[in-house]
Amino acid sequence: MRIAVLGYIVRGPTGGMAWHHLQYVLGLVRLGHDVRFVEGSDDYPACYNPTRYVIDTDPSYGIRFAAGAFQRLGLEKIWSYHDAHTGNWLARLLVYRAVRTFGACGLTNRHETERALRDAVASTLYSGISSLAGSGSRQLWPD
1 MRIAVLGYIV
11 RGPTGGMAWH
21 HLQYVLGLVR
31 LGHDVRFVEG
41 SDDYPACYNP
51 TRYVIDTDPS
61 YGIRFAAGAF
71 QRLGLEKIWS
81 YHDAHTGNWL
91 ARLLVYRAVR
101 TFGACGLTNR
111 HETERALRDA
121 VASTLYSGIS
131 SLAGSGSRQL
141 WPD
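Mind the numbering: the sequence shown is residues 1 to 143 in my numbering, read in order.
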């Protein structure tokens, strides 16, 4: 199945934050799915740079971090990033061509991805995995 995983690596380039999203991607790939990772920036400064201790609109540190992380896993060709501040969108077709989409954190809610079919969202903070079928959501992993 072709799946677009929506997540948060470029904007949160730290070990645990990134690894949690990479686990979904790697797991789905190992299960035999055709997976793409798609991340879009927010409309406000959301890119963390741990070397400068700042959150701003510059994704360059996170881009390098994500490139290295995906390369180490042999997945360097499956990820992309949309920067709302510059208008550079590298993943629009990946989202719209995916058979299913999976929100790895519920934080990727830009209007481009909201229009795409999103079948499930996982939240490590709240309710686990929820299905977004129809107008309501159904919790698949109860508290």
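I should point out that these hints are in silico values taken from the structure, not numbers from a laboratory. Mixed in with the good hints, there may be bad ones.
To be verified - With beta-carbon atoms standing in for the labels, derived distance ranges:
1) 32 <-> 58: 33 to 39 Å
2) 17 <-> 87: 23 to 29 Å
3) 51 <-> 27: 19 to 25 Å
A quick note: this is a predicted structure, and the numbers were derived from the prediction, not measured. Beta carbons are placed, not taken as given, at the ideal position from N, Cα and C, and that holds for glycine.
A quick look at each hint next to the structure:
1. A hinted range of 33 to 39 Å holds for the C-beta pair residue 32 and residue 58, which are about 37 Å apart.
2. Checking the proposed 23 to 29 Å range against residue 17 and residue 87 shows it holds: the Cβ atoms sit about 26 Å from each other.
3. With their beta carbons about 30 Å apart, residue 51 and residue 27 fall outside the hinted range of 19 to 25 Å.
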